[in-house]
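Undergrad: So the chains spell out like this:
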Amino acid sequence: MITKRIFSLFAVLVAVVYFALPVLAGDGVALLNVSYDPTRELYADFNKSFADYWQKKTGQKVEIRLSHGGSGKQARAVIDGLEADVVTLALAHDIDEIQGRGLINPEWQKRLPHNSSPYTSTIIFLVRKGNPKQIKDWDDLVKTGIAVITPNPKTSGGARWNYLAAWAHALGLPGGNEESAREFVKKLYRNVPVLDSGARGSTTTFVLRGIGDVLLSWENEAFLAVRELGPEKVEIVYPPESILAEPPVSVVDRVVEKHGTRALAEAYLQYLYSEEGQKIAAKNYYRPTDETIAASMTTFPEIKLFKLDEVFGSWQAAQKTHFADGGVFDQIYGK
Amino acid sequence: METVAPPAISARELTRRNTLSEPAMVRWLLTGVALLFLGLFLFLPLLAVFGQALEKGFSAYLAAIKEPDSLAAIRLTLLVAAISVPLNLIFGVAAGWAVTKFRFPGKNLLVTLIDLPFSVSPVVSGLIYVLVFGLQGWLGPWLYNHNIKIIFAVPGIILATIFVTFPFVARELIALMQAQGSDEEEAAMVLGANGFQIFWRVTFPNIRWGIIYGVILCNARAMGEFGAVSVVSGHIRGLTNTIPLHVEILYNEYNFAAAFAVASLLALLALVTLAVKSIVEWKMRSPRPAGRSAQCASS
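Chains as they are written, first to last, in our numbering: chain A, -9 to 325; chain B, 2 to 300.
The hints are simulated quantities; they were obtained by calculation from the structure and are not laboratory data.
One or more hints might be untrue.
[As the list claims (entries may be wrong)] As a list, the in silico BS3-like pairs of lysine-lysine whose alpha-carbon atoms are at most 25 Å apart:
no.: 1; chain 1: B; residue 1: K150; chain 2: A; residue 2: K223
no.: 2; chain 1: A; residue 1: K51; chain 2: B; residue 2: K150
no.: 3; chain 1: A; residue 1: K63; chain 2: B; residue 2: K150
[What the hints assert, rightly or not] One side of the interface only, derived from the structure: several residues of chain A facing chain B at Cβ under 10 Å:
no.: 4; residue: G71
no.: 5; residue: L72
no.: 6; residue: V246
no.: 7; residue: K248
no.: 8; residue: R252
no.: 9; residue: A257
no.: 10; residue: Q260
no.: 11; residue: I293
We treat Cβ as the ideally placed atom computed from N, Cα and C, and that holds for glycine.
The following block holds chain B by itself, in its conformation from the complex (with noise of 0.2 Å):
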């Protein structure tokens, strides 16, 4: 039966794509356009940045890297996303749970703020912690007298990452269990499972790659971060520099090959954030019992 059933599905798709699609020429112009479009504003700069990197050889480039500033910089980005992320997973997940699957008042301002850190200026949000933490600010001063740093210091610069990068697990995973509905969540309870064991078996193994998708764009956009992080900062060198900031400063020394070879690295992050990224949408998109069914099974 299924060796009969491709041909004839293929055949009726050719006569509808005939009568329904665009001329080829129409279809061959746009693809072009959009192609060439890609390529003048996506592929050549990162060629441009790696091309850049490499001007003084392979060498020079390690060394760029190897440099302690840049080593600093490298270990304080990787130190920020390490902290920022997870508690992003954590609050995205609960803002996920809370929202889709129980109904309180403020649901709605909850949601609407979740989206916040999306439609406010990065360097708004560095200036809130300066007016809160700064000397000036609401707490300065007695942070100031009890010795604790927040801004321009390693907490403001994560306080500033989480503030930018938390809506990006927890929308994903709000519309991805808004789509699934809560009938398999009922039905465990209705079954005698407590609220772990549904969260556990039921609706974790549903959107565990929803939170995947969800941690990688958190993640890429917590080491890229250049706006509030540059407000937060102080710029000291190998104290407070993370990548990006790190980036400019070699740009304004005049040492071009260096600040291109730790750019490089943020190219080379995106790259991998691509990478991964299409993986979990095919599998995202890949029939759901299959894989699904055999995971709850093995758990």
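Bound conformation, chain A alone (with noise of 0.2 Å):
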């Protein structure tokens, strides 16, 4: 009777796995697209148009999948052995060190147009309906009694741009230098009661969880957000300046050769800059960086935007100074 048993749980498993099994199975070309947080639908409108695409144009049919997650914290994955055909990530720095792990050409930054970001974003203002506490202003963020929501600059790459932001815009006001700077930051962070992981995760504190009366966000996600949870409940705020946010993308030059991928992987990103592709980018917040295509959008306000290289020389300098281990982020936060 007990042998009985054990075959039909025998019979059970064999099922089960038989089952489960399609999982190990792939079929067609795929391609791996590791990206970071606010992404998540654009690349789920974009996959899908460059697949036709890709069908029409070479009779072959590609299964491209995605992974999303912090910017730092996939760079480190990709890093780890998660084999990214491609990786689009936000802020060049993170793909920098990818490459200074070898799995990645060093000129890779100069593959593709505008500095491999095929479209830009800047970091704006979301607050309460009606905005309450009157915030207009970067200078707003660091009056007292004002709760800010950004995530943690260490794991986002959102946050760093909000903090880069910042900085760039106390260094230009009247009488602006490091020190006024640092102090204007640092007065910013004491107004800010969760750091997040990820801007996916600020997003959901600010708004769902009614934490903070301003939440610093990447252009996209705002608008993103402000559509998918109801206009009755926030609304968005433009400050007179911010940051150009190019986020970059980039063939992960090992697997693509180990896969056997590398024409497919450049299509994909070259389909990026196609007309097809910057609307698609578009239609979903983010600057498009065709002229004739960003012209042609009404979305997105003027506004006067720094350019990172002028502010802070480059990435890995302003990674040095501010987020590296004993940087600036970690003397004025926590004191």
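Dock chain one against chain two, each of which comes alone in its own frame, and use the hints as you go.
TA: What follows is the structure, encoded as structure tokens:
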């Protein structure tokens, strides 16, 4: 009797494994795009469009897989062996980190137009409906009694852009210098009650959990939050100036050579620059780099945008001064 | 005789209860607090999960579960459980047998090591595998060159799950077998049974409810594990996301109804686990000789 039972148990097991097995098998060509948090909707749209385009062009069926998370965390996973054919991250430094481990060729940023950033974005404010605290400019963020929501710059790409935008604003104030900028950013982070690990986490904290008066957010993320969660809850505020965020993309050379997917991966990234790709980016609230398409868009108001290179020199320099262990962020936060 | 005994006992019980027990007020208060706590922290969230899951109607609920990425997550979770639970069952029985029936040096160390996954944070258990099998880890470069994927693929998820779930069966069996002692096995040996016969005819019938108990707990944890799996998964949609990871993804995509629909599967699993667990506990408590000797005779 026991033997019988064991047999039936075994049969169930075989059935389960059989049902589950297709997980391991894959058909057609596959491409893995490892991306940062707020691009989920963008790449869900874009992948469909690219798969159609590729099938029409080559007759080949392509399956594109996505992985999302904080930009820094995702770069770390690729370094640890997550076999991404392409990375589409929040900032150049995270791709530099992967390059530093020999997975990407050194000249990666020159391979595609616009410093390999097919779309750009900026950092804006999301406030409660009616803007009850009257938050209009960066200076309002350091006032006492204002709770600011922003993610942790150690793990989140968006958070680093937020931080650098605030720093650049403070530098540009009359009489602004390193010392006053440092004081400004220190005051700002004293107003932050929660540091989430990624941009999406912060949006959820602000909108769903109702914490804070203002969320420093990617422009695209803010638009999406308003669309998904309701204009009756939150509204967008454009500060007079902010930073030009350039999220870059790259093929991961060592992986595409191993998978034999270089042509496909390069076409995938090229397609981001095509008219269709640019339109999809714009539809998902990213600023297209193609000037004619950008000009036809009315979604995005003109604001003054600092370029990172002009204020901080380069991402390497900014990373080293501000976000490395013992850097300025460590010095001002937690003291 | 049997008809006379029960009333006598219950009368005695009654007097004892009056003298030994707390006043009615205190009893009610304690029960009330316990129930309130249960209601707030267990039933309310459970209701909320199903409420949110069915918010947009039953057809939306089904659609969310039948969506390809959700199906892939369910498949992967079943696969992981189907591999890790039997392995831990074998390990658990072997460990229980070794620890309770034999004396050997290092036995206490073995028992302590079995408990290790309970005391280590799941995130650390995941990171161990990244450090060993990751591209920057000890074996990583060799694996990469031989095109063997461990972490950020299904094998890594299975390894991490085995690690966090391996104490369940072993611990359950060690406690049970220690309580039972090895008298019956010794008797069987004296009567000339060989090792396999002793295990199959004597030990196994004694511990089978313990095995089932361990297996369902092990299975529940294997399917619900988040931390360790999150570290080694790589979060590739439709490929390396288990049910708990997929719930997180859906939630982060503002897709709340779908997130709760998939989460409700885990909640259902918890309810089934609870039900089976109660049945097994009841079976284990029921008088031993009746059930056992009958089983022995029939097998």
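Undergrad: Run every hint past the structure and note whether it holds.
TA: Each hint tested on the structure:
| no. | hint | result |
| --- | --- | --- |
| 1 | B:K150 to A:K223 | violated, 46 Å |
| 2 | A:K51 to B:K150 | holds, 24 Å |
| 3 | A:K63 to B:K150 | holds, 20 Å |
| 4 | G71 | holds, 4 Å |
| 5 | L72 | holds, 4 Å |
| 6 | V246 | violated, 14 Å |
| 7 | K248 | holds, 7 Å |
| 8 | R252 | violated, 17 Å |
| 9 | A257 | violated, 21 Å |
| 10 | Q260 | violated, 23 Å |
| 11 | I293 | violated, 26 Å |
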